[in-house]
Amino acid sequence: MTREVFIAYVEREQEALRGFLLALCCGKKDDADDLAQDALVKAYLSCAGYQDKGKFRSWLFKIAYNTFLNHKASQRSTESIDEARTLVSSTTADSEFEHQDLYLAMRTLPPKERSAITLFYLNGYNVKEIAVITETSEDAVKKQLSRGRDRLREQLIIDN
Amino acid sequence: MDMKKDKALEELFLSQKPHFSDKADFMAALTKRLDAVEFIKQHQEAAIRRYKMLMVVAFVVGIVSGALAIGYVLSTPVDVPLFTFHVQTGLLLWLVENSRMIAATGLSLLMTLGIISIISNVQDILRMRVSLKA
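Order-wise, the sequence lines are chains U and W.
Note that my numbering has the first sequence beginning at 22, numbered continuously upward.
Note that my numbering has the second sequence beginning at 34, numbered continuously upward.
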């Protein structure tokens, strides 16, 4: 894939990619854009190995998902879910975006559940496709979706 | 069987699907990063080319000089030692008597070490290439 073709694909997919990472970063736009840039550079460096024609978005999401997980792991966050719950009241999500309740509720989800929920509800992927992107089994994805949905519902009810 | 979607949750997600007004800025920042990546990549590739060329030169010089040295050793008369010592002790006399064998063994060892070192460097180059492509 040439650089021009890569840029053209990215121009087409950037909004979906940034939206996905924005949800994973719970509305922190700067973090999401930094991760998107990192993921795109990684994608560019490995685009010679890209073969799944017509599945560029899924391939990009897979790289973005791994970049996000690596970023979370390198942060060595001491933030537990309970601590995150206490942060829900403080609006740390980017003020540019409306409906911050969802982003704040997303903070209570572990990264893998957050990713599965985002891919399912925001990006419209089915369980099989999510399993391919996150490199897990379909059963694991179903569990993540089920747990994530329950936690999210619970948190949104608490918020409201 | 696929998972059923929670309609309320889906609507909530879709209602706040972000729209980015800074797409051009994002692409400009990405282009800059890709330029930097290209620059580093080209620099590394040039370094690998230079390294490879040096290895080829070292290999050729090693083979030619080794062959010349061995040729010289073999061309000298058998009964004339390659080197002599002015002190006549047991060990030195033995060295003088076996000077041709010792020189040939030394040269062979040097050439073997040189070839091992070149093979190791070529493997380094290949590893660098693979990591550059990854």
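In short, the hints are calculated from the structure, not lab data.
Predicted model only: the values in this text are computed from it and were never measured.
Accuracy of the hints is not assured; some may be wrong.
Here are the simulated distance ranges between beta carbons [claimed, not checked]:
#1 Arg24/U / Phe53/W: 21 to 29 Å
#2 Lys40/W / Glu159/U: 21 to 29 Å
#3 Arg168/U / Phe53/W: 17 to 25 Å
#4 Phe53/W / Leu177/U: 47 to 55 Å
#5 Leu66/U / Ile135/W: 22 to 30 Å
#6 Ala29/U / Val155/W: 22 to 30 Å
#7 Gln72/U / Ile135/W: 57 to 65 Å
#8 Thr64/W / Arg168/U: 53 to 61 Å
#9 Val90/W / Arg24/U: 31 to 39 Å
Note that the Cβ used here is the ideal one computed from N, Cα and C, for glycine as well.
Using the beta carbons of Val90/W and Arg24/U, state whether their distance is inside 31 to 39 Å or not. holds, 34 Å
Phe53/W and Arg24/U - C-beta distance against the hinted 21 to 29 Å: holds, 22 Å
Given the hint of 22 to 30 Å, is the C-beta distance from Leu66/U to Ile135/W inside that range or not? Given range 22 to 30 Å: violated, Cβ gap about 53 Å.
Go ahead and decide if the range 22 to 30 Å is satisfied by the Cβ distance of Ala29/U to Val155/W. violated, 38 Å
If I claimed the Cβ atoms of Thr64/W and Arg168/U lie 53 to 61 Å apart, would that claim hold in this structure? Check failed, 40 Å falls outside 53 to 61 Å.
Taking the beta carbons of Arg168/U and Phe53/W, is their distance inside 17 to 25 Å? violated, 30 Å
Verify the CB-CB distance for Phe53/W and Leu177/U against the hinted window 47 to 55 Å. violated, 25 Å
Is 57 to 65 Å respected by the C-beta to C-beta distance linking Gln72/U and Ile135/W? Given about 59 Å between the Cβ atoms, the range holds.
Quick one: are Lys40/W and Glu159/U within 21 to 29 Å, going by C-beta? Holds - the Cβ-Cβ distance for Lys40/W and Glu159/U, about 22 Å, lies within 21 to 29 Å.
In summary, the numbered hints that this structure violates are 3, 4, 5, 6 and 8.
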